[in-house]
Amino acid sequence: MAALAAACGDTALVIEVRSDGLSIPDDLDSFCLLVADRNIGGGQFSRVFVFDDEMLTSLPQTLTVEPGGASSAEVLARGYLGGIEVARDRTEVAFSGVSNVPMVLARCPGGRTGSAGVVATFDTPPGTRVAVSVGRGGSVIVAVGPGFSVALRASGSSLEEIGDVPPSSATAAPRALLAFDADGDCDDDILLIPENTPPELWLRGADFDFEPAPDAFPSGIAIGARAAAAADVDGDGDLDIAVGGASNLQILVNDGTARFFPAMVPISGDAAMDVTALAFGDFDGDGDSDLAVGRGDGVAAPARLLTNAGSAVFQTITAALPELPLQVRSLAVRDVDGDGFDDLLIGALNSPVKLYINRTDGRLEDRSFTLLPSLVAIDAVSVAATDWDGDCIADVVIGVSGSSILAWRGTDSGALVDEGLTLAGGTQVVLADVDDDGSLDLIAVDSVTGLSWVRR
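First residue of the sequence shown? That's 9 in this note's numbering, and the numbers climb one at a time after it.
No lab work stands behind these hints, which were simulated from the structure alone.
Misleading hints may appear alongside valid ones.
[Unchecked claim] Pair by pair, the computed Cβ-Cβ distance ranges are:
(1) A180 to T265: 44 to 54 Å
(2) P174 to M272: 29 to 39 Å
(3) D399 to P175: 40 to 50 Å
(4) P68 to G293: 47 to 57 Å
(5) N204 to N108: 38 to 48 Å
(6) V425 to R367: 15 to 25 Å
(7) T326 to N204: 50 to 60 Å
(8) I231 to V273: 18 to 28 Å
(9) P330 to G428: 42 to 52 Å
(10) I231 to E93: 34 to 44 Å
(11) L64 to R371: 30 to 40 Å
(12) T19 to T179: 49 to 59 Å
Every residue, glycine too, gets a C-beta built ideally from N, C-alpha and C.
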């Protein structure tokens, strides 16, 4: 067992980061570790560790931490594959009476089962988008709409305003809102894609405040973008982003200090045109992050799949997806059939939800007709896919414009079945552990009911 760092002292904590069911580097290629004084004004240690062939090759790893002036600490471990979070563990511990602190990055962490119901709501204006920021002190829901921005924390059975967020200058609904760790401190920052203005990066601080990072992007970058996604595309441990709009698709590479610059090789071809949705995943099984591109803002267009050729160079995979024109509004990447390869779900206007199953060679085939519970055409404007009920099988939640949310439960066969849950409407749906109890919750927002926190 190796030590990440060392310290002395009779009351020191020995933090051990373990893996449960995740192999290195096939399932886990890096992790971020945060150890912080529970007093929000106290100090913290945070760092991203990348597995390589020389320095760091396996888990468990240990870190010894002295208390300094702290009486208790918060510990957060986040495991990544290609910069996409695949596991997380969080605990709080006192420095007295406890020495060993196990942090487990598990393939199947479990979770709450049973029916789902609304716990709390919060009024938001039409056009509001939400993202959930994980970090020191717990998860924070950030909501941004036209002239509106707020940070919320789940407390008991209510949603409470917490911290400060920059005032929204948007006069129209934001095109996208993305939570990701831009500066490598284990806290998720916020990327805002406004309508026809440059993107904005808000960095999360220790006191739940979000501050704008004015130098995050070069002047004139990504004006008019409609979609964004984050992953580590160059394998250096920090998170990069893809942004796309009507006439361009750009990879913006992180220099490690939350400053982003265009990749050396631009993306060409029709994949860079009329972009409406983006999602990263490892579709060809080589361990790096590829990019799914949804298209069709006003006129339907086929989705595209781009392979990561290394060094932030992306190329279209020929015949990777069916040439079916769609007005795509949302993409979700998840291993739906349990074969270890990422699959793709597509939500589009006036279309059934599409499920494309990976043939394990980077090409995906339409299995909607055998694996989905409905082929009815709907306006599926938001799709979220992850294990919502703790059985280690992917579930799917779909936000439908003008209708109730659909919730489909995954099964051992790879088929999804309609849960029959009666849920509020949702033009955006997000699955995240908003109350930090180890089980995923649903955040839904639409123009009628505002923001709803749904829990099993």
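Where does the structure disagree with the numbered hints, that is, which hint numbers, in rising order? Of the numbered hints, 1, 4, 5, 7, 9, 10 do not hold.
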